[in-house]
Amino acid sequence: MKKALMTALAAGLFTLPAMADTVRLGTEGAYPPYNFINDNGEVDGYEREVGDLLCEVAKLECTWVTNEWDSIIPNLVGGNYDTIIAGMSITAERDEVIDFTQAYLPPDPSFYVALAGTDPSVLTSGVIAAQTNTIQAGEVAKGSATLVEFASPDETVAAVKNGEADAVLADGAFLQDAVDASNGELVIIDKVLLGGGIGIGVRESDTELKGKLNAAIDTIKADGRLNTIIKKWFSEEQAVY
Amino acid sequence: MFEMCADPSTLEGLAWLACYLTNGKHFLFYQSFATVLGLLALAAPMALLMGFAGALAKRSRILGLRQLGQVYVAMVRGIPDIVFFLFVPLLIDQGIEIIRHYALCADTSAPIYQGNDFVVCQAAKMPLSSAEPWVHSLYGFFLALVAFSIVFGAFAANTLDGALSAVPASQLETARAYGMTPRQAFWRIQLPQMWGYALPGLANLWQILIKATPLLFLLGIEDIVYWARELGGAKGSRFDYPHPDWRIYYFGALLLFYMLMTWGSEKFFVRMQARLSVGQATLSGKGAGL
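Chains A and B, in that order, are what the protein sequence lines are. Mapping to our numbering: the first sequence position 202 is 202, numbers consecutive. Mapping to our numbering: the second sequence position 150 is 150, numbers consecutive.
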């Protein structure tokens, strides 16, 4: 009797993993048009659409999770979610800690944005705002300008508006939105091409998921669906596949 | 919410504001106030309970228990709160998952720590990946609650310990002289009188607890600070309700909320103190109730 009970219990425990796995997609939710929380409180944006499509193509069940940018990599490797889809450029430094799928967006030129009338010399001698742990922050740190870092993208733009920084460096599409919304207060003063495109971050040990996502990206690149989404969310200037 | 809100771009003035303040995102903001109040409502009694246990352990006549109480109080009081808030939830979370990994996974041959990765099988995840988002939120809230209870419990333990010592020894001696056992003297004489001495310290702790609730944000819980920052940030044309940087108004509202909370508590504690001091041989006891 006892043995039968134990067997039944063990069978119950070991059949658990057969359940459909849900892939938790991690994003920042503060970087329009890449990803943001819309007025209904849901994750929205380019990456929401791409992520949902990839899950459909790869036949995965997915849910969205938001996490601060600062701790987005530690919480991925800690297992709180399974992917990072948050406008994260593929870089060698990040590749040491996590793995990336192939890019799902070609490099988006980064813009320097400042208040209208700002002298372009601030790019070499002024104070430049960037978000912590971004390729843009790395770029500013390499140059001669002074870098000030902020935890969220919003704060980098706010810093320029209130005079704390002379200019901000961030992805073009994000800053384009801010410039459009500012009624001429903000202008683009320079553009640079940084990074090798944006990929989905996965744990290094998670080769199976990486393979599935890579295959799905191949599919939507080939049938043009990815380009349709890129055109919907980005400007004419944005390169497509 | 209202029918007129279907197309916000056509709205102006008060109608726009009414629709804006009742959109889905704002409801999440309002809900987060309940999260904070819920945390306070649960963390305070739990911390008090931890504190009571800690104080009794510290005063125990059994050496091991006494040392345990002393170590608990000294450790938590000596380590910065923020370190504890980051450490405790992580420890519990990974601890539970490691235990579940060995209990529930069919194949445990692969190491859990693989380079940077913390890998447990799907069935060992806590909560399961397939669980509803609210389950994940609730679990995060629970971890935060435990962290708050441990940290504030240690402070409460010290306060209660001090208050128990403050009850005049002569009263306890009198109780013994009347034939009460030490246990009876504790429950009938020492404990009821202790509260008057403990209250100022506990009231202080409550105020600190209220002010510490924004630490929830640090633990990844979408509390009022998270939503204030998220809603207040400048919103461009991608949003139904575009607006410039309004963080100052949102943070102002939080300021008001916390001021009201602490002001209300202060009033409550003043009345409570007056009640508890009646008949006590202390300064406030002589003043009150006369």
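Everything labelled a hint here was simulated from the structure, so no lab data went into it. Just so you know, these numbers come straight off a predicted model, no measurement behind them. Take the hints with a grain of salt, since some may be wrong.
Claimed, not checked - The list that follows gives simulated cross-link-like pairs (lysine-lysine, DSBU-like), each with its CA atoms no further than 30 angstroms apart:
{"id": "1", "chain 1": "A", "residue 1": "K221", "chain 2": "A", "residue 2": "K231"}
{"id": "2", "chain 1": "A", "residue 1": "K232", "chain 2": "B", "residue 2": "K25"}
{"id": "3", "chain 1": "A", "residue 1": "K161", "chain 2": "B", "residue 2": "K267"}
{"id": "4", "chain 1": "A", "residue 1": "K231", "chain 2": "B", "residue 2": "K211"}
{"id": "5", "chain 1": "A", "residue 1": "K191", "chain 2": "A", "residue 2": "K212"}
Going through the hints against the structure:
At roughly 13 angstroms between alpha-carbon atoms, A/K221 and A/K231 fall within 30 angstroms of each other, so this suggested pair holds. Among the hinted pairs, A/K232 with B/K25 is consistent with the structure: their alpha-carbon atoms are about 24 angstroms apart, no more than 30 angstroms. A hinted pair counts as satisfied when its Cα atoms are at most 30 angstroms apart, and A/K161 with B/K267 does not qualify at roughly 42 angstroms. Using a Cα cut-off of 30 angstroms, the hinted pair A/K231 and B/K211 is violated, with the two alpha carbons roughly 46 angstroms apart.
A distance of roughly 35 angstroms separates the Cα atoms of A/K191 and A/K212; the hinted pair therefore is violated under the 30 angstroms criterion.
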